[in-house]
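S.K.: Chain by chain, the residues run as shown.
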Amino acid sequence: ELKVEQNPLFLSMQEGKNYTIYCNYSTTSDRLYWYRQDPGKSLESLFVLLSNGAVKQEGRLMASLDTKARLSTLHITAAVHDLSATYFCAVDINNDMRFGAGTRLTVKP
Amino acid sequence: DVKVTQSSRYLVKRTGEKVFLECVQDMDHENMFWYRQDPGLGLRLIYFSYDVKMKEKGDIPEGYSVSREKKERFSLILESASTNQTSMYLCASKGGALLYEQFFGPGTRLTVL
Numbered sequence: 001e002l003k004v005e006q007n008p009l010f011l012s013m014q015e016g017k018n019y020t021i022y023c024n025y026s027t028t029s030d031r032l033y034w035y036r037q038d039p040g041k042s043l044e045s046l047f048v049l050l051s052n053g054a055v056k057q058e059g060r061l062m063a064s065l066d067t068k069a070r071l072s073t074l075h076i077t078a079a080v081h082d083l084s085a086t087y088f089c090a091v092d093i094n095n096d097m098r099f100g101a102g103t104r105l106t107v108k109p
Numbered sequence: 001d002v003k004v005t006q007s008s009r010y011l012v013k014r015t016g017e018k019v020f021l022e023c024v025q026d027m028d029h030e031n032m033f034w035y036r037q038d039p040g041l042g043l044r045l046i047y048f049s050y051d052v053k054m055k056e057k058g059d060i061p062e063g064y065s066v067s068r069e070k071k072e073r074f075s076l077i078l079e080s081a082s083t084n085q086t087s088m089y090l091c092a093s094k095g096g097a098l099l100y101e102q103f104f105g106p107g108t109r110l111t112v113l
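Chains R and Z, in that order, give the protein sequences. Using this note's numbering, read the first sequence as starting at 1 and increasing by one per residue. Using this note's numbering, read the second sequence as starting at 1 and increasing by one per residue.
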């Protein structure tokens, strides 16, 4: 059974600091997604990682994928308050999408 | 821009009622999905459809059924609603040129009393 584990589940960090969210999954997959969700809102697509070694960056967020280790990371650089949200990773096995439990990020001044 | 719309943002129903949640996408996507989201559990896939009249069970299909009579519309049906089906329901679609990107609707918060 495919399992997707994210950690940490809760993350409180100060503005200007760096941190990494981890996403481990249990079955081979070449498609890994990262989403952002603001309170009361739906999910917004951040990154789609399609191959081993893929790295994508948007602003202060950078995502990477290691399919051999079955690990993806979402790295936050010099956090700002606007990044406060819940971040989900998801793995796609032939359209069967499995999500991690989410990481609730709070960035404090 | 891809648009995925859901018929209701909030819905309150009674135990035993039949409930229909509708989802419409305007990008001619082949694939459509229904998830439920519960605190601490992330999103869980209920059903997905890869074509008209085609459906596949996801992780938690029990107590739900789906219908896809037209490409743009995917309905989730709760035959006899129960209190443990109180949740946020999210519809999504993917396909076309952005084959790997999945777009979500705004969600329906369903409360079953």
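No lab work stands behind these hints: they were computed from the structure. Glycine included, each C-beta is placed from N, C-alpha and C at the ideal position. Some hints could be false.
Every beta carbon over 10 angstroms from chain R, so not counted as near; a handful from chain Z, in silico [to be verified]:
no., residue
1, Leu43
2, Leu45
3, Glu62
4, Tyr64
5, Ser65
6, Ser67
7, Glu69
8, Asn84
9, Leu90
10, Gln102
11, Gly105
EDC-like, lysine to aspartate or glutamate: derived pairs with alpha carbons at most 16 angstroms apart [claimed, not checked]:
no., chain 1, residue 1, chain 2, residue 2
12, R, Lys41, Z, Asp38
13, Z, Lys3, Z, Asp38
14, R, Lys17, R, Asp82
15, Z, Lys57, R, Glu1
16, R, Lys56, R, Asp82
17, R, Lys56, R, Asp66
18, Z, Lys57, R, Asp66
19, Z, Lys70, Z, Glu30
20, R, Lys3, Z, Asp51
21, Z, Lys70, Z, Asp51
22, Z, Lys71, Z, Asp26
23, Z, Lys71, Z, Glu30
24, Z, Lys3, Z, Glu72
25, Z, Lys57, R, Asp82
26, Z, Lys70, Z, Glu22
27, Z, Lys3, R, Asp96
28, R, Lys56, Z, Asp28
29, Z, Lys70, Z, Asp26
30, Z, Lys3, Z, Glu22
31, Z, Lys53, Z, Glu17
32, Z, Lys55, R, Asp96
33, Z, Lys3, Z, Glu101
34, Z, Lys70, Z, Glu101
S.K.: Each of the hints needs a verdict: does it hold here or not?
M.R.: Do the hints match the structure? See the list:
Residue-level check failed: Z:Leu43 sits 4 angstroms from the nearest beta carbon of chain R, not beyond 10 angstroms. The claim that Z:Leu45 lies off the interface is violated: its Cβ sits roughly 6 angstroms from the closest Cβ of chain R, which falls inside the 10 angstroms cut-off. For Z:Glu62, the non-interface assignment is confirmed: its Cβ lies about 16 angstroms from the closest Cβ of chain R, beyond the 10 angstroms cut-off. For Z:Tyr64, the requirement that its beta carbon stay farther than 10 angstroms from each beta carbon of chain R is met, with the minimum near 16 angstroms.
No beta-carbon of chain R is positioned within 10 angstroms of the beta-carbon of Z:Ser65; the least distance is around 18 angstroms. Listed as outside the interface, Z:Ser67 is consistent with that label: its C-beta sits roughly 18 angstroms from the nearest C-beta of chain R, beyond the 10 angstroms cut-off. No beta-carbon of chain R comes within 10 angstroms of the beta-carbon of Z:Glu69; the shortest separation is about 20 angstroms. Residue placement check: Z:Asn84 keeps its beta carbon more than 10 angstroms from all beta carbons of chain R (closest about 19 angstroms).
The beta carbon of Z:Leu90 sits about 6 angstroms from the closest Cβ of chain R, which is not more than 10 angstroms, so the claim that it is off the interface is violated. Distance to chain R contradicts Z:Gln102 as a non-interface residue, since its nearest Cβ pair spans about 7 angstroms, not more than 10 angstroms. Distance to chain R contradicts Z:Gly105 as a non-interface residue, since its nearest Cβ pair spans about 6 angstroms, not more than 10 angstroms. At most 16 angstroms may separate the alpha-carbon atoms for a hinted pair to count; R:Lys41 and Z:Asp38 meet this at roughly 14 angstroms.
As the CA atoms of Z:Lys3 and Z:Asp38 are separated by approximately 24 angstroms, the hinted pair breaks the 16 angstroms bound. For the hint linking R:Lys17 to R:Asp82, the alpha-carbon distance of about 14 angstroms falls within 16 angstroms, and the restraint holds. The straight-line distance between the Cα atoms of Z:Lys57 and R:Glu1 is roughly 14 angstroms, inside the 16 angstroms bound, and the hint therefore holds. This hinted pair does not check out: R:Lys56 and R:Asp82 have alpha carbons roughly 20 angstroms apart, beyond 16 angstroms.
Note on R:Lys56 and R:Asp66: the hinted pairing holds, with a Cα-Cα distance of about 13 angstroms set against a maximum of 16 angstroms. Taking the CA atoms of Z:Lys57 and R:Asp66, the gap is near 28 angstroms; set against the 16 angstroms cutoff, the hint is violated. As the CA atoms of Z:Lys70 and Z:Glu30 are separated by approximately 10 angstroms, the hinted pair is consistent with the 16 angstroms bound. For the hint pairing R:Lys3 with Z:Asp51, the CA-to-CA distance comes to about 26 angstroms; that exceeds 16 angstroms, so the pair is violated.
At roughly 9 angstroms between alpha-carbon atoms, Z:Lys70 and Z:Asp51 fall within 16 angstroms of each other, so this suggested pair holds. Distance hint between Z:Lys71 and Z:Asp26 is fulfilled; the C-alpha atoms sit about 10 angstroms from each other, no more than 16 angstroms. As the CA atoms of Z:Lys71 and Z:Glu30 are separated by approximately 7 angstroms, the hinted pair is consistent with the 16 angstroms bound. Distance check on the hinted pair: Z:Lys3 and Z:Glu72 sit about 11 angstroms apart at the alpha-carbon level, within 16 angstroms; holds.
Between Z:Lys57 and R:Asp82, the direct Cα distance comes to roughly 37 angstroms. Violation of the 16 angstroms bound is thereby established for this hinted pair. Note on Z:Lys70 and Z:Glu22: the hinted pairing holds, with a Cα-Cα distance of about 12 angstroms set against a maximum of 16 angstroms. Proximity of Z:Lys3 to R:Asp96 is assessed by CA-CA distance (about 21 angstroms); at most 16 angstroms being required, the pair is judged violated. For the hint pairing R:Lys56 with Z:Asp28, the CA-to-CA distance comes to about 27 angstroms; that exceeds 16 angstroms, so the pair is violated.
For the suggested pair Z:Lys70 and Z:Asp26, the alpha carbons sit about 12 angstroms apart, so the restraint of at most 16 angstroms is met. Between Z:Lys3 and Z:Glu22 the CA atoms are separated by roughly 14 angstroms; this keeps the pair inside 16 angstroms, and the hint holds. With a C-alpha separation of about 25 angstroms, the suggested pairing of Z:Lys53 with Z:Glu17 is violated against the 16 angstroms cut-off. For the suggested pair Z:Lys55 and R:Asp96, the alpha carbons sit about 12 angstroms apart, so the restraint of at most 16 angstroms is met.
This hinted pair checks out: Z:Lys3 and Z:Glu101 have alpha carbons roughly 13 angstroms apart, not beyond 16 angstroms. This hinted pair does not check out: Z:Lys70 and Z:Glu101 have alpha carbons roughly 21 angstroms apart, beyond 16 angstroms.
In summary, the structure is inconsistent with hints 1, 2, 9, 10, 11, 13, 16, 18, 20, 25, 27, 28, 31, 34 from the numbered list given earlier, while agreeing with the others.
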